[in-house]
Amino acid sequence: GENVEQHPSTLSVQEGDSAVIKCTYSDSASNYFPWYKQELGKRPQLIIDIRSNVGEKKDQRIAVTLNKTAKHFSLHITETQPEDSAVYFCAASIEGWVTGGGNKLTFGTGTQLKVEL
Amino acid sequence: EAQVTQNPRYLITVTGKKLTVTCSQNMNHEYMSWYRQDPGLGLRQIYYSMNVEVTDKGDVPEGYKVSRKEKRNFPLILESPSPNQTSLYFCASTPSRVSNEQFFGPGTRLTVL
Numbered sequence: 001g002e003n004v005e006q007h008p009s010t011l012s013v014q015e016g017d018s019a020v021i022k023c024t025y026s027d028s029a030s031n032y033f034p035w036y037k038q039e040l041g042k043r044p045q046l047i048i049d050i051r052s053n054v055g056e057k058k059d060q061r062i063a064v065t066l067n068k069t070a071k072h073f074s075l076h077i078t079e080t081q082p083e084d085s086a087v088y089f090c091a092a093s094i095e096g097w098v099t100g101g102g103n104k105l106t107f108g109t110g111t112q113l114k115v116e117l
Numbered sequence: 001e002a003q004v005t006q007n008p009r010y011l012i013t014v015t016g017k018k019l020t021v022t023c024s025q026n027m028n029h030e031y032m033s034w035y036r037q038d039p040g041l042g043l044r045q046i047y048y049s050m051n052v053e054v055t056d057k058g059d060v061p062e063g064y065k066v067s068r069k070e071k072r073n074f075p076l077i078l079e080s081p082s083p084n085q086t087s088l089y090f091c092a093s094t095p096s097r098v099s100n101e102q103f104f105g106p107g108t109r110l111t112v113l
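Heads up: the protein sequence lines correspond to chains A and B, in order.
Counting from 1, position 89 in the first sequence corresponds to residue 89 in this note's numbering; the numbering is continuous, with no gaps.
Counting from 1, position 62 in the second sequence corresponds to residue 62 in this note's numbering; the numbering is continuous, with no gaps.
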């Protein structure tokens, strides 16, 4: 089955700096890679996702890059703000129910991002 | 409002006392699943359902049961809870086989003493 590794587990940056979180996956058939943000005591919220037919996607201060050959993808947050402080999870899955697992997401173990003033 | 709901949100129970955590979605989604979240381990899938009466095991199904008698509901059943099932549980739903975007419920914090 799919295995997703995420690094670093904790990340501390100064407000205004950039933050980068990296994930690798094992199943070359995976084609959907979402990123979730989870604030303390809240549910995971989708912040951006990328599919394997593109190499990069950007939404304001957030961007995700995908390297299918190397099987890794990264989340980039620019001009970080205190409200960016949260736990971020990457995930990988195969869309289209081509396998028996349906829409299963395999998650990384999370990165605690702290943006300091 | 389109949403996934879970009840209860918090539960403290004792070993061996059967419990059910309910999950309901009002978006007519086909696919529903349960995850547990533990520190340092991320979210791990317990069970999933691809439609009514179709359920299957995820990565950590031991000690859990589910049912899908109606499209909107997907309860998680712990027949004989044990302390190692103390965790934060999330239900999630996905609209169709075309998209894997998952919508999460608010979570249920379970403590088994």
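Because the hints were derived from the structure by calculation, they are not lab data.
Where a beta carbon is used, it is the ideal one built from N, C-alpha and C, also for glycine.
One thing to keep in mind: the hints can contain errors.
[As the list claims (entries may be wrong)] Sample of chain A residues at the chain B side, in silico, Cβ under 10 Å: (1) Gln-6; (2) Pro-8; (3) Leu-11; (4) Gly-55; (5) Phe-89; (6) Ser-93; (7) Leu-105; (8) Thr-109.
Hint by hint, work out which the structure violates, then give me just those numbers in ascending order.
2, 3, 4
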